[in-house]
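**Student:** Sequence:
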Amino acid sequence: AVTACNVDLETLITDSNRSIATLAITTLFKTGNEAGVDRLMKQISSFLSEISDQFKTVVVDAIKSLCQKFPHKHTVLMAFFVNMLREEGGYEYKKAIVNTIISIVEENPEAKEAGLAHLCEFIEDCEHTSLATRILHLLGREGPRTTTPAKYIRYIYNRVILGNAPVRADKILFQFTFVFIKLLPNILVFLHRTTLDQDDEVRDRATFYYQLLKHSDKALNSAYILNSMNVSLSALERLLHRYTMEATTKPFDVRCVPIETVHVEQPKASMLNFIVFVFV
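When we follow our numbering, the leftmost residue of the sequence shown carries the number 1, and every step to the right adds one.
None of these hints come from the bench; they were simulated from the model.
Honestly, I wouldn't trust all of these hints.
To be verified - With a straight-line Cα cutoff of 30 Å, these simulated BS3-like cross-link-like pairs (lysine-lysine) come out:
{"#": "1", "residue 1": "Lys250", "residue 2": "Lys218"}
{"#": "2", "residue 1": "Lys151", "residue 2": "Lys95"}
{"#": "3", "residue 1": "Lys250", "residue 2": "Lys214"}
Start from the sequences, fold in the hints, and give me the full structure.
**Tutor:** Listed below in structure tokens is the structure:
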């Protein structure tokens, strides 16, 4: 009975009413079998160029469930998403695609390296800062677990050179350097150049990590790179401002800054505090 219904649903993919066509596609994704995935993806390729980003996002979400249902079809589905990423589209549409590729990378070990490669290609010409930042965090977390983690340095440092200020200042760009001990001399050269960046935050971060890494002190790296300072940033700013206004020769004592409140109800820790895997 389901097979017979699917035949009728496939004829609705070309329906002039885009809402009906979209509903037919999403239903087919839920009721179809693994053998019909390739044929179904070919059928909807031309359809996607005729609908708005809103409907495209619905289709992407439906394909995401298909990825979870048939993980062995990741090659076909990933190729489909890559083509969608290369097309024109708004933020929400691109976000839905990126989220789906990330979920495939995280849930399917066989698709990890291919997915990361596609996302690296996307951030080379990505106009959405939040998406570029999220992908960089994914590279920082998943890159060290791949067979050739060093290749991701090129993509990460391209963002330092070519990205906008928020992307260039992202902590992941500098924390990732701690992963590759063998490449440290080359990375130090790059960090030293970055200390001349025109953006204050980028320059300050580069200086901070350069001064830490050049000592090759595991205790310092562990304290200041792997583990963030759990202090209230607003309190730190206020106390530093007060310190600069006082006529004192005593060094600033960070121990006087209140500890940041931790909200235990949050489902996941911040991506900024990810665990770095060290390769000697």
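**Student:** Against each hint, give a clear statement of whether it holds in the structure.
**Tutor:** Hints versus structure:
no. : hint               : result
1   : Lys250 with Lys218 : 28 Å, holds
2   : Lys151 with Lys95  : 25 Å, holds
3   : Lys250 with Lys214 : 26 Å, holds
Every hint, counting from the list given before, is met by this structure.
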